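Use these hints to put chain B onto chain A, whose structure you have.
Each protein sequence line maps, in turn, to chains A and B. Heads up, the first sequence is in our numbering, so the first residue is 1 and it goes up one at a time. Heads up, the second sequence is in our numbering, so the first residue is 1001 and it goes up one at a time.
Heads up, a few of these hints could be off.
[Claimed, not checked] Below are the DSSO-like pairs computed for lysine-lysine, each with C-alpha atoms no more than 27 Å apart in a straight line:
| no. | chain 1 | residue 1 | chain 2 | residue 2 |
| --- | --- | --- | --- | --- |
| 1 | A | LYS28 | B | LYS1156 |
| 2 | B | LYS1058 | B | LYS1134 |
| 3 | A | LYS57 | A | LYS110 |
| 4 | B | LYS1156 | A | LYS88 |
| 5 | B | LYS1047 | A | LYS373 |
| 6 | A | LYS152 | B | LYS1151 |
| 7 | B | LYS1156 | A | LYS156 |
| 8 | A | LYS322 | A | LYS110 |
| 9 | A | LYS74 | B | LYS1075 |
[Said to hold, decoys possible] Partial list, derived from the structure: chain B residues whose beta carbon lies under 8 Å from chain A:
| no. | residue |
| --- | --- |
| 10 | CYS1063 |
| 11 | GLY1064 |
| 12 | ARG1089 |
| 13 | ASN1094 |
| 14 | VAL1126 |
| 15 | LEU1155 |
| 16 | ILE1158 |
If you are wondering where the hints come from, they were derived from the structure by calculation, not from laboratory data. On a predicted model such as this, the values are computed, not experimentally measured, just so you know. Glycine included, C-beta positions come from ideal geometry on N, C-alpha and C.
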Amino acid sequence: MGMTMSQKILAAHAGLSHVEVGQLIEAKLDVVLGNDITSPVAINEFEKCGATSVFDKDRIALVLDHFTPNKDIKAAEQCLQVRRFAEKYNITHFYDVGQMGIEHALLPEKGIVGPGDCVIGADSHTCTYGALGAFSTGVGSTDMAAGMITGKAWFKVPAAIQVVLTGKLPQWVSGKDVILHLIGEIGVDGALYQSLEFTGEGVASLSMDDRLCIANMAIEAGAKNGVFPVDEITMAYCKDRFLRTPKVYQADPDAEYVRTVTIDLSSLRPTVAFPHLPENTHVIDDVGEIKIDQSVIGSCTNGRIEDLRTAASILKGRKVAKGVRCIILPGTQDIYLQAVREGLAEIFIEAGAVFSTPTCGPCLGGHMGVLAKGERAVSTTNRNFVGRMGHVESEVYLASPAVAAASAVTGYITDPAKLS
Amino acid sequence: MNAHGMVHKYGDNVDTDVIIPARYLNTSSHAELASHCMEDIDRDFVKNVKPGDIIVAKKNFGCGSSREHAPIAIKASGVSCVIASTFARIFYRNAINIGLAILECDEAAREIAAGDEVDVNFDTGVITDVTTGKTYQAQPFPPFIQNIIQKGGLLKSIM
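Here chain A stands alone, though its shape is the one from the complex (with noise of 0.2 Å):
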């Protein structure tokens, strides 16, 4: 029997031929990923028992997005900690404040992660980098903490879901309406213990930075990793920016999926997600009349170019409606400058919203934008648990960049081909 793509990958870095779904293997891994959060507890497990080097230098990322610029003294004390362990070790990729973006835009950006590459972070939306072709699944601070000492973890191999991508998205229609899609059909723990791998002839038709937003929230239908093949936009896309040389893996045509789903991009309408589960989605036509109190565009998901580009072309000209807080945080240094360049900052400071540096901060309720109790926001965000962004009685509608800015101008979630 054939194997996934996410199997041959992780075959190939434990040096075994073939691999069968349920099997224990321990992987060699190309890159290991912390942040502000997670690290401080890996550190301190990485001391207690003993280690005093890293496996590789080069192959570990430490990135602190979560709450900084520091939001407080004791997260101030949790980034100097990272600092401190990245100075002793000479950790290659870290990134403080200045060059910091949000992990998962930052080091597929950086060229950090490419394809064929096998990555543990301790960030659940580790397994973005599934865009690039790679296998990559987030873990916890443990698993990094050994995965920094040995440059290995152990995987029990996933069975997977054929997601078929048929047809091209109509306007307003993003990667965000892809998958929360997805999520509303299979429900959040949909793929438990499962790859995502996405097929068909769709996917050729879906940007990077789309692919990058539908494997980023894979996780929230409880996929261990989503995967994308490779293809001339994934070269493209890494041409200059890849560190090392790219492994192309396709899933075998035997290959064996527990079900098979089929996406028409060209039948999706925008796609909300009601609190406080990503699987409560609802297309835009159903929404009804929500009022907001906080649009929040950025995040690991949604902060990349074409998502503020698309943000941009809905606020041009016109104005965050009175009472809303309209927060747009780019994903990096690099998405930040080159908004100003294009103009959106302009844009967007003229429309009369926040404009501001890379930070995870609202998304998971840290700072810069957190809720009253009983406020609402509509956010390009991954996750609207309860009191994920602020009071437990506030609450997140999730939704692409398109219908965020549109909900921003006027108040309540809107569809953006409604605007006058």
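Then chain B, alone, in the frame of chain A:
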């Protein structure tokens, strides 16, 4: 290896944001994390939990963020075991890696009620609801996992 304690019962999709809200992730102190455990889903948990107690929940327990702070908060609260219909995969790994015992057993997860007294035998995977007298069979840990837990966590097993 055994666990014995009173049950705290929850439903489907208990996410790591309610187990330990992100507003407390500016610390890695186990005691401090434990003092906010389950705060956004059960305000009384911290007040009521006793050493040895057992959490029973339904499907996809621990979904969402990869924060190891979640199983750490539960373990540091004194909880001896979490039984659920299914676990989200990162939480599952994290729990094993830090030595928090977890068992998947759908029947037990559905039937055991809040406040029941429960006994768990990790070697056999037998869960006994002492209050009702009913027993359930969960799959015991495979040797690979037992090795990690017996050595006191992943790092102790590799060093």
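Hint check results:
A distance of roughly 19 Å separates the Cα atoms of LYS28/A and LYS1156/B; the hinted pair therefore holds under the 27 Å criterion. A hinted pair counts as satisfied when its Cα atoms are at most 27 Å apart, and LYS1058/B with LYS1134/B qualifies at roughly 18 Å. With a C-alpha separation of about 16 Å, the suggested pairing of LYS57/A with LYS110/A holds against the 27 Å cut-off. At roughly 23 Å between alpha-carbon atoms, LYS1156/B and LYS88/A fall within 27 Å of each other, so this suggested pair holds.
Of the pairs offered as hints, the one joining LYS1047/B and LYS373/A holds, with about 24 Å between alpha carbons and a cut-off of 27 Å not exceeded. Note on LYS152/A and LYS1151/B: the hinted pairing holds, with a Cα-Cα distance of about 19 Å set against a maximum of 27 Å. Proposed proximity of LYS1156/B and LYS156/A is supported: the alpha carbons are some 20 Å apart, at most 27 Å. In summary, the hint linking LYS322/A to LYS110/A is not supported, as the alpha carbons are separated by about 39 Å, beyond the 27 Å threshold.
Annotation: proposed proximity of LYS74/A to LYS1075/B holds, straight-line Cα distance about 22 Å (limit 27 Å). The interface hint given for CYS1063/B is met, as the beta carbon of that residue sits about 6 Å from the closest beta carbon of chain A, less than 8 Å. With its C-beta approaching chain A no nearer than about 6 Å, GLY1064/B sits inside the 8 Å limit, and its interface hint holds. A distance limit of 8 Å between C-beta atoms decides the matter here; for ARG1089/B the minimum to chain A is near 5 Å, and the interface restraint holds.
A hinted interface residue such as ASN1094/B counts as satisfied when its beta carbon comes closer than 8 Å to some beta carbon of chain A; here the least separation is about 4 Å, so the hint holds. At a threshold of 8 Å, the smallest CB-CB gap from VAL1126/B to chain A is about 24 Å, leaving the interface hint violated. For the restraint placing LEU1155/B at the interface with chain A, the shortest Cβ-Cβ distance is roughly 4 Å, inside the 8 Å limit, so the hint holds. Against a cut-off of 8 Å between C-beta atoms, the interface hint on ILE1158/B holds, since the closest Cβ of chain A lies about 6 Å away.
When the structure is compared with the earlier hints, violations turn up for hints 8, 14 and for no others.
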